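*Asks:* Residue numbers (our numbering), protein chains in the order written: chain A, 1 to 136; chain B, 1 to 136; chain C, 1 to 136; chain D, 1 to 136.
Don't take every hint at face value.
Cross-link-like lysine-lysine pairs, in silico, DSS-like; alpha carbons within 27 Å at most [what the hints assert, rightly or not]:
1) D:K102 x D:K10
2) B:K122 x A:K10
3) C:K120 x A:K102
4) D:K102 x B:K120
5) C:K122 x C:K20
6) B:K119 x D:K102
7) A:K20 x A:K120
What the hints contain is simulated information worked out from the structure, not anything from laboratory work. A quick note: this is a predicted structure, and the numbers were derived from the prediction, not measured.
Take a look at the letters that make up each chain.
There are 4 protein chains.
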Amino acid sequence: MQRITESFEKHAFMHTLGAKLTNVESGEVVIEIPFRDDLVQQHGFLHAGVVTTVVDTACGYAALTQMPEGAEVVTVEFKVNFMAPAVGDLFVAKGSVVRAGKTLTVTQGDVYAITNDTKKQKHIATMQATMFAVVA
Amino acid sequence: MQRITESFEKHAFMHTLGAKLTNVESGEVVIEIPFRDDLVQQHGFLHAGVVTTVVDTACGYAALTQMPEGAEVVTVEFKVNFMAPAVGDLFVAKGSVVRAGKTLTVTQGDVYAITNDTKKQKHIATMQATMFAVVA
Amino acid sequence: MQRITESFEKHAFMHTLGAKLTNVESGEVVIEIPFRDDLVQQHGFLHAGVVTTVVDTACGYAALTQMPEGAEVVTVEFKVNFMAPAVGDLFVAKGSVVRAGKTLTVTQGDVYAITNDTKKQKHIATMQATMFAVVA
Amino acid sequence: MQRITESFEKHAFMHTLGAKLTNVESGEVVIEIPFRDDLVQQHGFLHAGVVTTVVDTACGYAALTQMPEGAEVVTVEFKVNFMAPAVGDLFVAKGSVVRAGKTLTVTQGDVYAITNDTKKQKHIATMQATMFAVVA
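Sequences and hints are given; from them, build the entire structure.
*Replies:* Have a look at this one:
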């Protein structure tokens, strides 16, 4: 799983957003991002684009855990449903492999908003994404 | 179209990314974002999440241009295909209304990468998105 | 759950395809369809459109189980990934509610192909769909 | 374009539905289907699955027109928005290539409902789909 953490280190936008890779297993990756005032949209909620960025990255790396050594992962496409406003102190994005193929891997992702006071988790977004294995 | 520009001003994440609203017409909105080193993924291309953020915002505001005064727009869901690496100096995202309904508006978006030297435009991403009109 | 079975009875296209409603619970519906020679595409596999039809219907009825009495369900949009050729003797589509809202319900669906000989299940398609509650 | 018409002939489900291939050009395919009572859902409208089937087929064949000789086309995934009830006498599905790649082709599709009396066209659905070239 070292290649995932090494790749994440090179991922400038993850650092710009303050996102952290918190778990990597075969077929599953978790990324967390704390709320920040400069990441919101016009209503003061975390921008759908930020939510999408972290769950896309989690799905991409989940796919990469099951690709051959030396492969790189590229997002072909994804679809996201936003189910509740992105309100909370911490956002946890989990990406999982649904089916790993030679060229294409189908993944599924979910984002949860956590509020510090209540420790309640709210399921705010769900993604279905297709990843491509670029083999050198 | 003043409400679009006013709303965009309050949109912190657009400023964080350095995105600018460059055109607003009824049913169509254009947002531009210059390349920046801190917005890239692990291969040095603009992150799919950044591309998605600007085209989602363009689609959302395109929908808002045709919603009643006082309405606010929320993204229900979107789907994006990434067709070429996001390589270029400037990225132009255009969002258009396909069908405006009372509650839901279907929009379509495209992102083009422009390289300063060559002035060539490359079509790098296409989005289909559903927007919700929140009427107070 | 009677309203689901009554609605399914009126659903001419389900009968045309030979599909059967085999389970209805709150938030989950299962529809099965046997393979038939007149439902295939050019390579002899069950057409993606047939697979989509049954899982869309399963997702729509799953959403309807959690809508108020008198409501009708309409599909806003869906996205399907086809993960393996639709080869088998029986196809089982399961639709589940991810989040039920007042107006919109997000659902998730899966289709499995079963081969009589081997009794093996293959996961051939996965759907993410948005349903609308039309309340009279 | 002969390979498209030959492939369409072998496409049993298109015949079952009564669909006809009415135009084939490089990068664009049109399929038409008349309304029929046995293709409706519970409200008497053409089933979303039928609408999807014809536009998926139009998009797949549009992609195939730009694939190398001997290639076969498989749907990776699609997303469809249903924008108005499928009410009409004839439904026309048009599929177009957005970007043709070596392995993957991105397509866009639209479905229009036509009413005989009024000759009015209504735009009822829009699709964004990814097609895969299987090269022997």
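*Asks:* The structure should be examined with respect to each hint, and the outcome stated for every one.
*Replies:* Here is how each hint holds up against the structure:
With a C-alpha separation of about 25 Å, the suggested pairing of D:K102 with D:K10 holds against the 27 Å cut-off. Proximity of B:K122 to A:K10 is assessed by CA-CA distance (about 25 Å); at most 27 Å being required, the pair is judged to hold. Restraint check: the Cα-Cα separation between C:K120 and A:K102 comes to about 21 Å, which is no more than 27 Å; the hinted pair holds. Taking the CA atoms of D:K102 and B:K120, the gap is near 22 Å; set against the 27 Å cutoff, the hint holds.
Restraint check: the Cα-Cα separation between C:K122 and C:K20 comes to about 19 Å, which is no more than 27 Å; the hinted pair holds. The straight-line distance between the Cα atoms of B:K119 and D:K102 is roughly 25 Å, inside the 27 Å bound, and the hint therefore holds. Distance restraint check for A:K20 and A:K120: the Cα-Cα separation of roughly 20 Å lies within the 27 Å cut-off, and the hinted pair is therefore satisfied.
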